[in-house]
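Those protein sequences? They're chains C and Z, same order as listed.
So in the numbering used here, spot 27 of the first sequence is number 230, and the numbers just go up one at a time.
So in the numbering used here, spot 169 of the second sequence is number 195, and the numbers just go up one at a time.
Just so you know, the hints here were simulated from the structure itself, not pulled from any lab data.
Among the hints, a few may not be true.
Derived DMTMM-like pairs (lysine to aspartate or glutamate); straight-line CA-CA distance at most 25 Å [claimed, not checked]:
| id | chain 1 | residue 1 | chain 2 | residue 2 |
| --- | --- | --- | --- | --- |
| 1 | C | Lys-319 | Z | Glu-124 |
| 2 | Z | Lys-156 | C | Asp-214 |
| 3 | Z | Lys-251 | C | Asp-214 |
| 4 | Z | Lys-251 | C | Glu-300 |
| 5 | Z | Lys-156 | C | Asp-298 |
| 6 | Z | Lys-251 | C | Asp-252 |
| 7 | Z | Lys-251 | C | Glu-322 |
| 8 | C | Lys-301 | Z | Glu-166 |
| 9 | Z | Lys-156 | C | Asp-296 |
| 10 | C | Lys-319 | Z | Glu-127 |
| 11 | Z | Lys-233 | Z | Asp-258 |
| 12 | Z | Lys-277 | Z | Glu-157 |
| 13 | C | Lys-275 | C | Asp-252 |
| 14 | C | Lys-319 | Z | Asp-258 |
| 15 | C | Lys-319 | Z | Asp-117 |
Since the model is a prediction, treat every value here as computed from it, not as a measurement.
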Amino acid sequence: MSKKAFLVVDDSATFRQLLCMSLTRLDGISQGDITEAVDGQDALGKVRDNNYDLVLTDIRMPNMDGLEFVNKVRTELKKGDLPIIIISTKGADEDIEKGMSLGASGYLSKPISMTKLRELVSDCLGEQA
Amino acid sequence: MTQKTEEILSLFSKSEELLEMFRKGRAFTEELMSENERLRYRIVQLEREKIDLTDTLMKEVERLKLENSQMSQKLEFLDTRFHQVEEENKDFAQRYIEVEEQNESLANLYVASYRLHSTLDPAEVVLCIKEILVNMIGSEEFGLFVVDDETSELVLAGYEGEIAQRLERGRVAFGEGLEGLVAQTGQAFFTEDAGELGEVCACIPLKIKERVVGVIAMYKLLPHKGGLTPLDHRLLELLAGHAASALVSSKLYALADRKLRTIEGFMNLLRVR
Chain C
204 MSKKAFLVVD
214 DSATFRQLLC
224 MSLTRLDGIS
234 QGDITEAVDG
244 QDALGKVRDN
254 NYDLVLTDIR
264 MPNMDGLEFV
274 NKVRTELKKG
284 DLPIIIISTK
294 GADEDIEKGM
304 SLGASGYLSK
314 PISMTKLREL
324 VSDCLGEQA
Chain Z
27 MTQKTEEILS
37 LFSKSEELLE
47 MFRKGRAFTE
57 ELMSENERLR
67 YRIVQLEREK
77 IDLTDTLMKE
87 VERLKLENSQ
97 MSQKLEFLDT
107 RFHQVEEENK
117 DFAQRYIEVE
127 EQNESLANLY
137 VASYRLHSTL
147 DPAEVVLCIK
157 EILVNMIGSE
167 EFGLFVVDDE
177 TSELVLAGYE
187 GEIAQRLERG
197 RVAFGEGLEG
207 LVAQTGQAFF
217 TEDAGELGEV
227 CACIPLKIKE
237 RVVGVIAMYK
247 LLPHKGGLTP
257 LDHRLLELLA
267 GHAASALVSS
277 KLYALADRKL
287 RTIEGFMNLL
297 RVR
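Chain C on its own, in the form it takes in the complex (with noise of 0.2 Å):
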């Protein structure tokens, strides 16, 4: 895999570390190519002033939650290409219908599956993990 820049959106720091860790386990990342945001507003303000190849957004988070973070990403900053994984708690929900109707890339549910973060990894990038 090519250098590429991730975005990992979470409020809880223990799961933010423990997605960054998963990522790294993903072949070519190295922890370098991660940045960390608290929540919907922190990582607004990373996305307009940086390019990331890749954006992991916790759905329920204070100030502002995932869903919200992707509207704004898609409408606000305009950037409908930038791929956007969208993380629930719970499996099949409102919730992920409702960020996928607003322009996310995919989903996962927690707890993350390996498997599955890399077969997304992927897709959204279109190249091998």
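Please build the complex by placing chain Z on the supplied structure of chain C, with the hints as guidance.
Relative to chain C, chain Z alone:
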């Protein structure tokens, strides 16, 4: 007279012709006999060749039959080996998945233990345990109980779901209910189902050596999490060990910090006087 002489001469001439014909006939007959001899010899030769050829062909057929049989055996062996290798491949693929799952669990355990021991604030430790139970184990409804040494009861320190409404005063006596029983015996309890009926699906004691300092009771798992695997059980028990030491050390630190502040307050008061 002349006529007779002519007749005699004619007769001579005819006899000469006849003789010539006989001579030619003789030569032709001799030629035919010689050809016949040659052909008979050729027939004998061909018959001999035919016998030789049949022998050669028979030998060749035998050789090919043997070769065919050897090839069949080889094919059978290769077919068996192919199936063996196919089975081995399947086995390796399965092992790869298992190793991947174990790696995932180890990564989870590493992050969980790192997070648990990264703070000395008891509230943060409780929050961290809650995050681990939701994000890593996939629990939707659970209760974290800590032992109150003064009353010998379990006190609800953190929860997710409706457990608080079900518990009177947020306390459970030792030996009472499954949570109390697990606290009393120090033995973990796991059920096969995912807790859809709202009953306890896992209850793990938080122990430091043999001393129980708390209990984690999981009442319901997330819908997509079918149940707890043996690997989950092991992971939960390891996490429980880390959670117990993190809880106790943060409580002791908070207590020591409070005492230190009190003593410092007294010292300051004495200095002022």
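How the hints compare with the structure:
A hinted pair counts as satisfied when its Cα atoms are at most 25 Å apart, and C/Lys-319 with Z/Glu-124 qualifies at roughly 15 Å. The suggested pairing of Z/Lys-156 with C/Asp-214 holds, with an alpha-carbon distance near 13 Å, which does not exceed 25 Å. Note on Z/Lys-251 and C/Asp-214: the hinted pairing holds, with a Cα-Cα distance of about 22 Å set against a maximum of 25 Å. A C-alpha spacing of about 19 Å is found between Z/Lys-251 and C/Glu-300, which places the hinted pair at or below 25 Å, so the restraint holds.
Taking the CA atoms of Z/Lys-156 and C/Asp-298, the gap is about 22 Å. The hint holds against a cut of 25 Å. As the CA atoms of Z/Lys-251 and C/Asp-252 are separated by approximately 38 Å, the hinted pair breaks the 25 Å bound. At roughly 19 Å between alpha-carbon atoms, Z/Lys-251 and C/Glu-322 fall within 25 Å of each other, so this suggested pair holds. For the hint pairing C/Lys-301 with Z/Glu-166, the CA-to-CA distance comes to about 21 Å; that is within 25 Å, so the pair holds.
The straight-line distance between the Cα atoms of Z/Lys-156 and C/Asp-296 is roughly 21 Å, inside the 25 Å bound, and the hint therefore holds. Proposed proximity of C/Lys-319 and Z/Glu-127 is supported: the alpha carbons are some 12 Å apart, at most 25 Å. With a C-alpha separation of about 18 Å, the suggested pairing of Z/Lys-233 with Z/Asp-258 holds against the 25 Å cut-off. Between Z/Lys-277 and Z/Glu-157, the direct Cα distance comes to roughly 19 Å. Compliance with the 25 Å bound is thereby established for this hinted pair.
Restraint check: the Cα-Cα separation between C/Lys-275 and C/Asp-252 comes to about 14 Å, which is no more than 25 Å; the hinted pair holds. Restraint check: the Cα-Cα separation between C/Lys-319 and Z/Asp-258 comes to about 18 Å, which is no more than 25 Å; the hinted pair holds. The suggested pairing of C/Lys-319 with Z/Asp-117 holds, with an alpha-carbon distance near 21 Å, which does not exceed 25 Å.
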